[in-house]
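Chains as they are written, first to last, in numbering that gives the first Met the number 0: chain A, 0 to 614; chain B, 0 to 157.
Derived from the structure by calculation, the hints contain no laboratory data. Be a bit skeptical, because a hint or two may be false.
Claimed, not checked - Derived SDA-like pairs (lysine to any residue); straight-line CA-CA distance at most 25 Å:
#1 B:K71 to A:G37
#2 B:K138 to B:V96
#3 A:K554 to B:K33
#4 B:K133 to A:R158
#5 B:K133 to A:L403
#6 B:K133 to A:Q574
#7 B:K133 to A:A55
#8 B:K71 to A:G401
#9 B:K138 to A:R453
#10 B:K138 to A:E355
#11 B:K71 to A:H603
#12 B:K33 to B:R92
#13 B:K138 to A:V570
#14 A:K554 to B:R92
Claimed, not checked - Example chain B residues on the side facing chain A (calculated, C-beta under 7 Å, incomplete):
#15 Q1
#16 A5
#17 I18
#18 Y51
#19 F56
#20 N58
#21 T76
#22 R92
Said to hold, decoys possible - Pair ranges (Cβ atoms, derived):
#23 B:K133 to A:R122: 26 to 36 Å
#24 B:P103 to A:Q265: 37 to 47 Å
#25 A:T498 to B:E128: 18 to 28 Å
#26 A:R205 to B:A12: 32 to 42 Å
#27 B:A12 to A:P93: 27 to 37 Å
#28 A:T498 to B:R150: 50 to 60 Å
#29 B:Q151 to A:D427: 53 to 63 Å
#30 B:Q141 to A:M9: 50 to 60 Å
In this text, a Cβ means the ideal position worked out from N, Cα and C, and glycines have one as well.
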Amino acid sequence: MKIRTLEQLMALEQELCAARDRKPCVRVCGGTGCRARGSEDVLARFQTQLREVGWAEAVDLKFTGCHGLCERGPLVSLTSPEVFYQGVEADDVPAIVAETLVRGVVIERLLAHDPMTGQRVRREQELPFYRRQQRVVLRFNGVIDPTDIREYIALGGYRTLGVVLTRLTPEEVIEIIERSGLRGRGGAGFPTGKKWRLARAAPGARKYVICNGDEGDPGAFMDRSVLEGNPHSVIEGMIIGAYAVGATRGIIYVREEYPLAVRTLQIALAQAREYGFLGEAIFDSAFSFDLEIVRGAGAFVAGEETALIAAVEGRVSEPRQRPPYPVQRGVWGYPTVINNVETWANIPIILERGPEWFARLGTATSKGTKIFSLVGKVANTGLVEIPMGMTLRDLVEEIGGGALPPREIKAVQIGGPSGGCLPKALFDLPIDYESLTEAGAMMGSGGLIVMDDRTCMVDVARYFMDFLRDESCGKCLPCREGTHRMYELLTAMCEGRATDADLELLEELAQVVKETSLCGLGQTAPNPVLTTLRYFRSEYEAHIRQKRCPAGVCKALIRYVINAERCTGCVACVQPCPQQAISGQLKQPHLIDPERCIKCGICHEVCQFGAVEIV
Amino acid sequence: MQEIEAIIERYGAQRRHVISILQDIQARFHYLPKDALMEVAARVRIPLIDLYSIATFYNCFSLLPRGEHVIKVCLGTACHLKGGTRLVEALERELGVREGELTPDGRFSFETVRCVGACALAPLVLIDERYYPKMTQRKLTQVLARLRRARQAAEAVP
């Protein structure tokens, strides 16, 4: 059905909303984490089980986007009675249907624990992981079925678009976005309203808007979760943006490595066209606009806007000199606004609730909320959204639940390969664009990787440099050669072959690459090296001078030994050893032959008594 | 060749669509056959070397055939911290080939990927696009043994 007027949309919204409230709802998480743990089987079992008890029509069963707490998946939430279950397996489903849905009895063993109190809790909101979050962009994630546009409409979706197209001029829209203080969520933090104003003013026979969903940062899955969980929020944001800058065409550039996001978007675009939100004369206005999907073929540099334009045009993804900026000369030479997924998803709610509301969230210069993927050596891994200005400590300790005992947290890596590692001593730093940049890191797109005392910072720097030398497009020399040389120097350090002179060379090289590279990739490539040198210099020195890896990671500098006091002589490590390097009798402490040992670490992995030690 | 033709038709023989066309060819054949590249170059009227440069620049393309099973070890940051590299070494030992190679019997392709965005499950291994969360060297050996046994069982059936 085509929606032509705002009144027609509001009537549909009311109808859908009323129908929605009548039935109890079961929401099974369909995020990647939960799917990998079997949530598709859980969903299928709900379908058969509900049919069996004759409740198939009486219950609204949904497969939603990511609920956030990936660590405890598969996650299932119910509305009546209101309860949040974690670690649900298909075999738990008959009990959930019979006990909880039919009889209203909560199943204790499926409830989550509050780590602070040790109590089991019934609702998501009672967990510290959710309590400290502020879900603005993610407010419908985990609530709606992303493959059904009516779910989004029922919660007020596309109403803002209707209001914008019928009551506001493009200049008014731009002014509202400017007043909100929204800055780009892709990394650099350029003011979104200003970008739009430049694009609107730029002369061009035609204009484009692009959604940058390349998300090439390792350790980041925010954009993926938004696209998979609530694609229409991004689409609505893009239509509004197109109206504001005067664009008639749009492109969503999304990584092919995210097949589910691509599929969900394809469905969403088809439905948006069917309802008339894309196409000719949207809301019977003079404004026409349509969107297409371009799948990224895998290149980190494509996240850089001029490189992304090259990829969209069907070329090798190499950046070019700026200016001219894409708002002046973008895709095929036309003025183009490129915003990141999360930036677009912020647009509808800013216009709905007003710029003053948005500007009240966050800090003086960083407004709103930010989504992070909280991963690495932390208890609660998952997807979180927090107001800007929260401290790293609150994010890591409270929401993240701290370290994995018995380890201790040492640092966080923020901003991906362009970002940096910040030590625990700086955890009182507020999360905003300026503070992070001053500390040598950057906001980036929202990957936040927690590191503990078993993480070697030299190895981390080497890891990122390996990534960057691989992903450097090769166009400019400082980046192409500099990343390679830095990688070689870091490898020598990890292998105990480096000297003090190498450390000096590494620092000098890092400065040169930073100052002379063509694009953002090269200019920020030294950040992982520079921040680890700044905050963890003693680790570098231990590798170079004492040939020692304090974290016990760098293979050339460690040995595996068995602690005779802890070893129970269970022989569990003897058979898996690929080198037959472990000898020992049952109930006698075992021994590793250092001559044969290749340091693969299997013995360390299988030992249940912590008897295999790294020295 | 008809299939290649159909894929080109899907988008139109234009320069701007070559990456999409190559992606679909890759999805269909699991690599980019030489004949297919030549066909695309001729139809879209662009030099073969431009296609070659695209095919070797982007990570998702392969110029070599893939094995029956494709094993991908994720080496995103979270997976790296939690032992992804150890899994790579374990596979090199088990399969006797290096990352990026195919076993001589054509059974297993062994690749690494830079983050598939499922970091909460680190370290992660994908086998034939199925996710294996929180992988260990032990579990990996067991999965490989299962895949090998499944093949033997299939071959034993007359």
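Evaluation of the provided hints:
no., hint, verdict
1, B:K71 to A:G37, "19 Å, holds"
2, B:K138 to B:V96, "19 Å, holds"
3, A:K554 to B:K33, "41 Å, violated"
4, B:K133 to A:R158, "42 Å, violated"
5, B:K133 to A:L403, "15 Å, holds"
6, B:K133 to A:Q574, "22 Å, holds"
7, B:K133 to A:A55, "35 Å, violated"
8, B:K71 to A:G401, "30 Å, violated"
9, B:K138 to A:R453, "22 Å, holds"
10, B:K138 to A:E355, "53 Å, violated"
11, B:K71 to A:H603, "24 Å, holds"
12, B:K33 to B:R92, "31 Å, violated"
13, B:K138 to A:V570, "18 Å, holds"
14, A:K554 to B:R92, "16 Å, holds"
15, Q1, "23 Å, violated"
16, A5, "18 Å, violated"
17, I18, "5 Å, holds"
18, Y51, "10 Å, violated"
19, F56, "5 Å, holds"
20, N58, "3 Å, holds"
21, T76, "4 Å, holds"
22, R92, "6 Å, holds"
23, B:K133 to A:R122: 26 to 36 Å, "27 Å, holds"
24, B:P103 to A:Q265: 37 to 47 Å, "39 Å, holds"
25, A:T498 to B:E128: 18 to 28 Å, "46 Å, violated"
26, A:R205 to B:A12: 32 to 42 Å, "23 Å, violated"
27, B:A12 to A:P93: 27 to 37 Å, "55 Å, violated"
28, A:T498 to B:R150: 50 to 60 Å, "51 Å, holds"
29, B:Q151 to A:D427: 53 to 63 Å, "59 Å, holds"
30, B:Q141 to A:M9: 50 to 60 Å, "57 Å, holds"
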